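Line by line, the protein sequences are chains A and B. Take 0 as the starting number for the first sequence in numbering that gives the first Met the number 0 and just add one per residue. Take 0 as the starting number for the second sequence in numbering that gives the first Met the number 0 and just add one per residue.
No wet-lab data here; the hints were simulated from the structure. No experiment lies behind these values; they were computed from the predicted model shown. Cβ coordinates follow ideal geometry from the N, Cα and C atoms, glycine included. One should not assume that every hint holds.
As the list claims (entries may be wrong) - Here are the computed lysine to any residue pairs in the SDA-like style, where the Cα-Cα straight-line distance is at most 25 angstroms:
1) K390(A) - L54(B)
2) K390(A) - E27(B)
3) K190(A) - R147(A)
4) K82(B) - S321(A)
5) K82(B) - N1(A)
6) K216(B) - L397(A)
7) K390(A) - E11(B)
8) K390(A) - L93(B)
9) K201(B) - S38(B)
10) K82(B) - A398(A)
11) K82(B) - R228(A)
12) K216(B) - L93(B)
13) K390(A) - R95(B)
14) K82(B) - L397(A)
15) K190(A) - R228(A)
16) K201(B) - T221(B)
17) K216(B) - A398(A)
18) K82(B) - E173(A)
19) K82(B) - N395(A)
20) K390(A) - L70(B)
21) K82(B) - L8(A)
To be verified - Cβ pair distances, simulated, as ranges:
22) A46(A) - E115(B): 53 to 59 angstroms
23) E115(B) - M18(A): 29 to 35 angstroms
24) F352(A) - A81(B): 51 to 57 angstroms
25) R95(B) - A268(A): 58 to 64 angstroms
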Amino acid sequence: MNARATISLALSALLRNRMRSALTMLGVVIGVAAVLMMESLGQGATAYIGATISGMGSNMLMVVPGAPSQRMGGGSGGAALFSLHDLDAIRRGARDVALLSPASQRPLRTVVGGLNRSTVVTGVWPDYLDIRAWSVVKGRALTDDDERQAAQVCVIGHTVEEALFPGRAALNGELRIHDVTCRVVGVLETKGASAFGMDQDDVIFMPFSTWSRRIAGTDRFGLVMAAARSQDRIDDARAQMTSVLRQRRRILEGDEDDFAVRDPREVQAVLDQVTGILTTFLLGVAGISLLVGGIGIMNIMLVSVTERTREIGVRLAVGARSSDILSQFIVEAVVLSAVGGLIGIGVGLGAAFGLARLINVPFIVPTAAVPIAFGVSLLVGVVFGVFPARKAARLNPLAALRFE
Amino acid sequence: MRFANVSRLYGEGEATVRALDGVDLTIERGDFVAITGASGSGKSTAVSILGCLDLPTAGQYFIEGHPVQSLSGDVLAALRNAKFGFIFQSYNLLARTSALDNVSLPLIYAGVGALEREARGYAALAAVGLAGREDARPNQLSGGQQQRVAVARALINAPEVILADEPTGNLDSKTGEEIMQLISSLNEARGITVIMVTHDPKSAAWARRRVVFSDGKIASDTRVSA
Chain A
0 MNARATISLA
10 LSALLRNRMR
20 SALTMLGVVI
30 GVAAVLMMES
40 LGQGATAYIG
50 ATISGMGSNM
60 LMVVPGAPSQ
70 RMGGGSGGAA
80 LFSLHDLDAI
90 RRGARDVALL
100 SPASQRPLRT
110 VVGGLNRSTV
120 VTGVWPDYLD
130 IRAWSVVKGR
140 ALTDDDERQA
150 AQVCVIGHTV
160 EEALFPGRAA
170 LNGELRIHDV
180 TCRVVGVLET
190 KGASAFGMDQ
200 DDVIFMPFST
210 WSRRIAGTDR
220 FGLVMAAARS
230 QDRIDDARAQ
240 MTSVLRQRRR
250 ILEGDEDDFA
260 VRDPREVQAV
270 LDQVTGILTT
280 FLLGVAGISL
290 LVGGIGIMNI
300 MLVSVTERTR
310 EIGVRLAVGA
320 RSSDILSQFI
330 VEAVVLSAVG
340 GLIGIGVGLG
350 AAFGLARLIN
360 VPFIVPTAAV
370 PIAFGVSLLV
380 GVVFGVFPAR
390 KAARLNPLAA
400 LRFE
Chain B
0 MRFANVSRLY
10 GEGEATVRAL
20 DGVDLTIERG
30 DFVAITGASG
40 SGKSTAVSIL
50 GCLDLPTAGQ
60 YFIEGHPVQS
70 LSGDVLAALR
80 NAKFGFIFQS
90 YNLLARTSAL
100 DNVSLPLIYA
110 GVGALEREAR
120 GYAALAAVGL
130 AGREDARPNQ
140 LSGGQQQRVA
150 VARALINAPE
160 VILADEPTGN
170 LDSKTGEEIM
180 QLISSLNEAR
190 GITVIMVTHD
200 PKSAAWARRR
210 VVFSDGKIAS
220 DTRVSA
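The shape of chain A in the complex, shown without the other chains (with noise of 0.2 angstroms):
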């Protein structure tokens, strides 16, 4: 008996017994349909946070005061904050660094007419909006003049220019911060909120000089914001500045950091990292409801094979090998498994992309899962329909035909 005969043979036995059929598959589709689900979810939710990240700014490395082994928890240890003469010295001495800013922030009241609002504040230097690849879509950024002057003048984030100038100009608007009167000079694109949840783009800067004089009342700043000249030399640039830095900080040989450089891609490591266990996680559970699956097929096989042995007679009574039959029961369970298989993945697929829609993460195609899932849902009606079909096999002639 040719291969053909037997798929058509096992699809008019599954079509004899939709229902039966439909409801044996269900199991397959569920288990399929997590997986895929599972899988293309993690995957979105990792490009999320991934496009969220290169989104502050490639090339980006931050300091900031504290050994790296005593940051868990946020707070400097004690450690002293960065001076301006520091930056002078990563200038000179750190070759690979391309831009380089002092970051000192605070949340603050910010007042414009009748409107105020609670806003985070941050005084850098020009390059801070280049190291983070930030732009200025209304009015210019700030410039080396500004930091000069200790000009009172700012750029916005989107947010705050909807809150404190609602239907009109903010360009060249003034507000005031903590009794300092600042002029708008730009507005800057909108960033969105970040993998964590923050409204970026509710954010104030102003000159570093400016801020330090006129708010902050000190120029000691406890973040480094710096640039790497192109991506193969971040490495270079972190070692210079650490190197720079244990000097400036007067670190003995074989004592340990009290500062540490962060790379955004450590963050985006761990991130991946945690989504990857996740997803593993959630892997393990939908592979165990595809377990599940096949043993229901296995079940509704047996009691096919018991249902049908006068069948199985009949077959064997007008010359069915019983490699015939064997094969029948097999290519049955898995066309059953297949069919699951497929309709799981169109399930998983869709619910995927509704669910990402929901949760704002990218829908993305899991391309090496869907054949794998198909893998799986095929090996599970081999696996799953072997025994039933063995028994079927084994029916001697007479005793099935006979069978009531």
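Dock chain B against chain A, hints included.
Frame of chain A; chain B shown alone:
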């Protein structure tokens, strides 16, 4: 086909049933044999063994001189497919399957292609007077018609031997007579050997040879002159 001291035992130990007990029987090609006897006398068992649906526990069964016990399961399947056609008391058609598909079932296992299967299926149904009922399912056919489908199925692979186990047992006497006419014509027109188990004397009367079983043994074996 020849039985040499064939026995068939069912069960084990105390509960052993001796369905056939040292039977010697030779059936010539082209014969029409009726096997009769009380129920439990071993007549059905004998036919099952003749049709290679079952194997003897002891003794030898030869088909054209070859001992059947030495054949593999696949060869026995091929024998059932090509040499034998079966007709059962309860028709044994596949439920929810059209008459055409039922009739052409043996051809699937003979490796015949779909188109030829269909053509031969149509021809076989026409030969038993069921042209036009190809798409009918068993539950849409009368008992007589179902048995005709079964006869067509038994015929389709041009068998040398037809084994019929109480072919008229479930039919009223008129339909039974029609079926017997059909079976008898196969024997006469096509030279097919017919071996039929029956307890109905009217059916048995169609045969040329009558073998009576009793307690697993042959009680009498008579030739009926036409």
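task: Mind listing which of the numbered hints don't hold for this structure, in increasing order?
output: 2, 3, 11, 12, 18
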